[in-house]
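Trainee: For reference, the chains in residue letters:
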Amino acid sequence: MSTAVVSTSAAPGRPFLFDNESETDGHCHPERSGKCVKRISRGVEGSLGPLTDPRWASITPASRLEIRPAPEMVPSGIPALDALMGGLPRGCLTEICGPASSGRTSVMLAALGSATRRDEYCAVIDASNSLDPHSADAAGIDLDRLLWVRCGENSPRRDPSTSLGRTPLLANPARSGAPSFICLSQGTVDFEGGKKPKTLRSSESPLEQVLRATDLLLESGGFGLIILDLADIPPQSARRIPLTTWFRFRRAIEHKPTILLAIEQLPIAGSCSSLLLQLGVHSSQSAVLSSNQFFKDPQDWRPSHAHLFTELKIDAELIRSRLDRKPARSITFATKTAWAG
Amino acid sequence: MFACIYVPNFSVAAVLRAEPELQARPVAIFEGKPPLEQIVAVNEQTREYGISPGMTKAQAELCPDLALRPRSPLQESAAHAALLDGAQSFSPVVEDMAPDTLVLDLVGLESLFGSLTKISHAIFDRAKELGLKANVATAVNPDAALLAARGLAVVRGEAESRKVLVIPPGKEAERLGPLPIEVLVDDHVEGDQKEESASLLETLNQWGIRNLRALAALPEVALSERLGQQGLHLQKLARGTYTRTLVPVEPPLIFEEAIELEQPIVLLEPLAFLLNRLLEQICARLASRALATQELRLTLELSHLTGVGDEFENPGIPSESDESLNTGNPEGTPSLSRRILAGQGGDFDFLSNPNIETTMRENEAPQRSRRPTQFSRKLSLPLPILDAKVFLKLLQLDLNAHPPGAPIVKIHLSAEPARPRSAQGGLFLPPAPEPEKLELTLARIAGIVGEQRVGAVELLDTHHPEGFRMRRFVAEVARKTPQKKTPGTAEAQAAVTALRRFRPPLRANVTLQNGRPVRLMCPTKKDVQGDVLWKAGPWRFSGDWWERDAWSRDEWDLAVRNGETIAFYRLVHDLLGGGWFVEGAYD
Numbered sequence: 001m002s003t004a005v006v007s008t009s010a011a012p013g014r015p016f017l018f019d020n021e022s023e024t025d026g027h028c029h030p031e032r033s034g035k036c037v038k039r040i041s042r043g044v045e046g047s048l049g050p051l052t053d054p055r056w057a058s059i060t061p062a063s064r065l066e067i068r069p070a071p072e073m074v075p076s077g078i079p080a081l082d083a084l085m086g087g088l089p090r091g092c093l094t095e096i097c098g099p100a101s102s103g104r105t106s107v108m109l110a111a112l113g114s115a116t117r118r119d120e121y122c123a124v125i126d127a128s129n130s131l132d133p134h135s136a137d138a139a140g141i142d143l144d145r146l147l148w149v150r151c152g153e154n155s156p157r158r159d160p161s162t163s164l165g166r167t168p169l170l171a172n173p174a175r176s177g178a179p180s181f182i183c184l185s186q187g188t189v190d191f192e193g194g195k196k197p198k199t200l201r202s203s204e205s206p207l208e209q210v211l212r213a214t215d216l217l218l219e220s221g222g223f224g225l226i227i228l229d230l231a232d233i234p235p236q237s238a239r240r241i242p243l244t245t246w247f248r249f250r251r252a253i254e255h256k257p258t259i260l261l262a263i264e265q266l267p268i269a270g271s272c273s274s275l276l277l278q279l280g281v282h283s284s285q286s287a288v289l290s291s292n293q294f295f296k297d298p299q300d301w302r303p304s305h306a307h308l309f310t311e312l313k314i315d316a317e318l319i320r321s322r323l324d325r326k327p328a329r330s331i332t333f334a335t336k337t338a339w340a341g
Numbered sequence: 001m002f003a004c005i006y007v008p009n010f011s012v013a014a015v016l017r018a019e020p021e022l023q024a025r026p027v028a029i030f031e032g033k034p035p036l037e038q039i040v041a042v043n044e045q046t047r048e049y050g051i052s053p054g055m056t057k058a059q060a061e062l063c064p065d066l067a068l069r070p071r072s073p074l075q076e077s078a079a080h081a082a083l084l085d086g087a088q089s090f091s092p093v094v095e096d097m098a099p100d101t102l103v104l105d106l107v108g109l110e111s112l113f114g115s116l117t118k119i120s121h122a123i124f125d126r127a128k129e130l131g132l133k134a135n136v137a138t139a140v141n142p143d144a145a146l147l148a149a150r151g152l153a154v155v156r157g158e159a160e161s162r163k164v165l166v167i168p169p170g171k172e173a174e175r176l177g178p179l180p181i182e183v184l185v186d187d188h189v190e191g192d193q194k195e196e197s198a199s200l201l202e203t204l205n206q207w208g209i210r211n212l213r214a215l216a217a218l219p220e221v222a223l224s225e226r227l228g229q230q231g232l233h234l235q236k237l238a239r240g241t242y243t244r245t246l247v248p249v250e251p252p253l254i255f256e257e258a259i260e261l262e263q264p265i266v267l268l269e270p271l272a273f274l275l276n277r278l279l280e281q282i283c284a285r286l287a288s289r290a291l292a293t294q295e296l297r298l299t300l301e302l303s304h305l306t307g308v309g310d311e312f313e314n315p316g317i318p319s320e321s322d323e324s325l326n327t328g329n330p331e332g333t334p335s336l337s338r339r340i341l342a343g344q345g346g347d348f349d350f351l352s353n354p355n356i357e358t359t360m361r362e363n364e365a366p367q368r369s370r371r372p373t374q375f376s377r378k379l380s381l382p383l384p385i386l387d388a389k390v391f392l393k394l395l396q397l398d399l400n401a402h403p404p405g406a407p408i409v410k411i412h413l414s415a416e417p418a419r420p421r422s423a424q425g426g427l428f429l430p431p432a433p434e435p436e437k438l439e440l441t442l443a444r445i446a447g448i449v450g451e452q453r454v455g456a457v458e459l460l461d462t463h464h465p466e467g468f469r470m471r472r473f474v475a476e477v478a479r480k481t482p483q484k485k486t487p488g489t490a491e492a493q494a495a496v497t498a499l500r501r502f503r504p505p506l507r508a509n510v511t512l513q514n515g516r517p518v519r520l521m522c523p524t525k526k527d528v529q530g531d532v533l534w535k536a537g538p539w540r541f542s543g544d545w546w547e548r549d550a551w552s553r554d555e556w557d558l559a560v561r562n563g564e565t566i567a568f569y570r571l572v573h574d575l576l577g578g579g580w581f582v583e584g585a586y587d
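Chains G and P are the protein sequences, given in the same order.
With this note's numbering, the residue at position 318 of the first sequence is 318, and numbering never jumps.
With this note's numbering, the residue at position 587 of the second sequence is 587, and numbering never jumps.
Quick caveat, the hints were computed from the structure, so don't treat them as lab data.
Cβ atoms here follow ideal geometry from the backbone N, Cα and C, with glycine treated the same way.
Among these hints, one or two may not hold up.
Stated by the list, open to error - Derived Cβ-Cβ restraints for the label pairs, each shown as a range: (1) G:207 / P:276: 32 to 42 Å; (2) G:80 / P:563: 24 to 34 Å; (3) G:240 / P:262: 49 to 59 Å; (4) P:552 / G:306: 16 to 26 Å; (5) G:266 / P:555: 28 to 38 Å; (6) G:320 / P:552: 45 to 55 Å; (7) G:322 / P:565: 28 to 38 Å; (8) G:266 / P:513: 32 to 42 Å; (9) G:61 / P:459: 56 to 66 Å; (10) P:264 / G:58: 50 to 60 Å; (11) P:546 / G:306: 26 to 36 Å.
Said to hold, decoys possible - Covered stretches of chain P (chain G as the covering partner; in silico rule of three or more C-beta atoms under 8 Å from a C-beta of chain G): (12) 430-438; (13) 496-507; (14) 561-568.
Could you build all of it, start to finish, from the sequences and the hints given here?
Mentor: Below, the structure is given as structure tokens:
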């Protein structure tokens, strides 16, 4: 067993030397370990030349490499999450994954709100153009400090969301020429013709747009928090992102005060992420809804307009943390709707 | 003390400023209507070939290495403006005597720039930075400085160090003496004055007066008897004793550069090359006035040749919507080198982006060709910037997205001057993106995702669910949030449940029971379907009923079970259109 430690995150172009002074681990006999080191050293000498070669002078032994300082942790905007993982690490990639309605976007907005309160500039690279500005405003985000990159397949000229009154939802179909709707049977509706509305083909997929925009923003620098919102990208598509891309992203933010946060359904960055947080709907809330308790309980049989969606209970589990070796833990926190008060 | 800046051979100098690669080549400037074009100015190298002003263009064309250029008033006016900017950067009192001649008042400048020799060399260097080789002479009065500067041009083949002359007070007659009497005549006078000057010079020649020393030595009374007051005036000039008050000009802050092309440009690459040159000249002028710019206007005069226009409507030429153009290019723009300027085949894009404006003017004369002859782009920047490379990249990206549509025969570039921003940031403020880098990054991202799809959000004063608009993202270093919230209170609040919007909203098939949704299914998104476990609503919203695009709808908050998972959605019933839509998911 080799006694030298090879870090994959070492700066490129900085060669390692497997020197004789490296410490041995507990499972290897010291004599045997020394022989291993000598054998490796002979092998290296054979390939690079004798130790008297002046090229060796420029090589730093691995044992003398500086210890990487612990990254600065900043608040995520949710105290419960900060207690779980210590905050968001600067200069690192953090993954937050979970299914729909698991609170990923709420955590994202809380982090953005916290960052803009620190007078930092933030960027959201939105793969599915799904950010709701009103939710962002309710989360306390300074919208002047937020750069929103709206990726997606729709052409900006066809996208009605930027101007008022042009959405197919709001425009009168009779006026706009949209397909009209008919009632099929007892409240079931469908649209006539069954054809999807035609959208413009884009030159690139949203995922490619996200990756290229991220590359450009990381190269530009100066942002405190950059978020890759891949939450609506199917996992089978998101997994096509090469691991080298994640390595590149991680190298780009290393030793910089930028936090790179990826929101997704399943973890896709592998060992490149320093923190991996798994979110899900809280089990009790899920159980209550699954048992249909609201309708079975005669005491709580109320009309639907007497209900109010006020909060979402979230289970958060710290799956992986490269920053400390704490065991996997989980917590529960709640997010409140803007109208809950 | 006064300094005079004189640019010899101004027509040639203006052309060399626009085309610096011609510096080492013989250059001749011609003027006139074909076929009667005549050479009006040549440089030193051309004289060695025996070509001189007055020859016809046909004669000059016999020299194969000669670069023949038409006289360009545009380039001359730009060179004159640049010369004025350079002079104004030293002294506020500048007299504009001629396009090639300026006189500066240097009183009080020693404490700023050093000795008179240093000032003269600094003026010479500044003119050189602006692309003009000038003679600089300093004397105790304006006309002595003027004669000395003109006299330096007469002495040919001198080193650059000899292009700067400082005449100490009292030594005017001595230093001006060797100069020929031709320097007394202004080249720019026309008509009767020119004839009068020529006859005066002829008279002096007949007297055997060849230089200013001989003229200065003539007896005043005898000279007055023969040549009158004009003779005395010339003698005072030759002695360097004539004094007058300087007439200062205040040049307007107009920064324009233009170039006319003999052959129309078809590709973007050579256009970028020329734009780079113009931008560098404008930036040098702005820098000499300690200014930056926040707005660039590019006006391209297009060729309206019918045949050429038809050529560019060839369907074989890839258009902007061609998917293959955008693939594999790292900058999110179509391939630069092969990008045809007329790629749209006349289908011009009138932007809705307020930061970039496009203006097309149609050709008025020939009705058969409806192709516009001018193409204008305006590049507005959030902050004053003075970086020619950044401007060039932004213009390249902009022209890639909005090609002019026809070959270009003239390029006109103007900059709106602005005070440079203060770069001082706070010591304890978090870092912000550099404005120049950010502008380039945003332009590149706009090339990837489309304009209007990148920027900051501005909420509108409306209850409309999509009541927002995109605006330009500006990162100011020293900007702080005006109302700083108390630390801790905001963090202690519970996180807000966010809505993830589906854009456009998903059409849904909804099964109703007693008017309430009990099952949901989206044909376009299979994940969004299932039995409704819990619901809240309906919440009725409406607005803009006074507009054509009125809206009215009922909103439901639903918990939907799809297999093992439970998700929360916002379901909307469009009361005007009658459809059901899933607007977003609570996440």
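Trainee: With reference to the structure, classify each hint as holding or not holding.
Mentor: Results for each hint:
{"no.": "1", "hint": "G:207 / P:276: 32 to 42 Å", "verdict": "holds, 35 Å"}
{"no.": "2", "hint": "G:80 / P:563: 24 to 34 Å", "verdict": "holds, 28 Å"}
{"no.": "3", "hint": "G:240 / P:262: 49 to 59 Å", "verdict": "holds, 52 Å"}
{"no.": "4", "hint": "P:552 / G:306: 16 to 26 Å", "verdict": "holds, 23 Å"}
{"no.": "5", "hint": "G:266 / P:555: 28 to 38 Å", "verdict": "holds, 31 Å"}
{"no.": "6", "hint": "G:320 / P:552: 45 to 55 Å", "verdict": "holds, 49 Å"}
{"no.": "7", "hint": "G:322 / P:565: 28 to 38 Å", "verdict": "holds, 29 Å"}
{"no.": "8", "hint": "G:266 / P:513: 32 to 42 Å", "verdict": "holds, 35 Å"}
{"no.": "9", "hint": "G:61 / P:459: 56 to 66 Å", "verdict": "holds, 57 Å"}
{"no.": "10", "hint": "P:264 / G:58: 50 to 60 Å", "verdict": "holds, 56 Å"}
{"no.": "11", "hint": "P:546 / G:306: 26 to 36 Å", "verdict": "holds, 33 Å"}
{"no.": "12", "hint": "430-438", "verdict": "holds (count 7)"}
{"no.": "13", "hint": "496-507", "verdict": "holds (count 11)"}
{"no.": "14", "hint": "561-568", "verdict": "holds (count 5)"}
Of the numbered hints stated above, none is contradicted by the structure.
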